[in-house]
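Work out the full structure, taking the sequences as your base and the hints as a guide.
The sequence shown maps to residues -19 to -1, 1 to 179 in mature numbering (1 follows the signal peptide of the UniProt record, and there is no 0).
Calculated directly from the structure, the hints in this document are not laboratory data.
It is possible that some hints are incorrect.
Said to hold, decoys possible - Within a straight-line C-alpha distance of at most 30 Å, the following computed BS3-like cross-link-like pairs (lysine-lysine) qualify:
| id | residue 1 | residue 2 |
| --- | --- | --- |
| 1 | K101 | K115 |
| 2 | K115 | K103 |
| 3 | K166 | K103 |
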Amino acid sequence: MNILRAAGLIFTASLGLTACGPQTPAEPELTARTSTLSPRLPKGIVRTDGHEDIYVASAGRAQCLQTAAADAATALASTNASRAQHGLAPLRTDPRLQRSAESHACDMAQRGTLTHAGGKSKGPMGRVKQRGYKPRLAAENIAGGRFDLGRVMSEWSSSPGHRSNMMIAGLRDFGIGKAVAADGKIVFWAAVYAQPAR
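Now the structure itself:
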């Protein structure tokens, strides 16, 4: 849906229902480079509707990480605090969504590409199904850049497109993952939100 402010940070959001709705940018839009010759993070504010891939790091062997329990708990607490401000029920960590988010972050980092389409899937709905979760709906926030968990959670919470994914009323479950690109500097993040089928 959009990529958010902050120099060198890229953020997009996706809702796994039918399609992403584009957000109207409040500021002039910059275009991210997609050349395979010299990947780099765009400077300034960057926005996208989430329908295009953004090449931000060299493809290669990524550091694919299992999310530490403390990090998963911190991300969940941050998400639930935002939801509580709007009178919404808290989410819970689901191991299948956790693995889905970790796997997608790893896939993006290995390809050096910020994308909602995985190497073997078209979006979050398919990825959570591959992990054995039966969703009624699934939504995803992704980010790429040089930042930590606190920063990514803060940015997602302050971005209308990302926050709208976090605020879907029927959500029940959550998972978050990160991976570091081959350059050892660019961190790719994925958060998955889902409502189980009844």
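To see whether the hints hold, each was checked on the structure:
1. Only pairs whose Cα atoms come within 30 Å are accepted, and K101 paired with K115 is accepted, the gap being roughly 18 Å.
2. For the suggested pair K115 and K103, the alpha carbons sit about 16 Å apart, so the restraint of at most 30 Å is met.
3. Restraint check for K166 and K103: satisfied, since their Cα atoms lie roughly 26 Å apart, inside the 30 Å limit.
In summary, the structure agrees with every hint in the numbered list given earlier.
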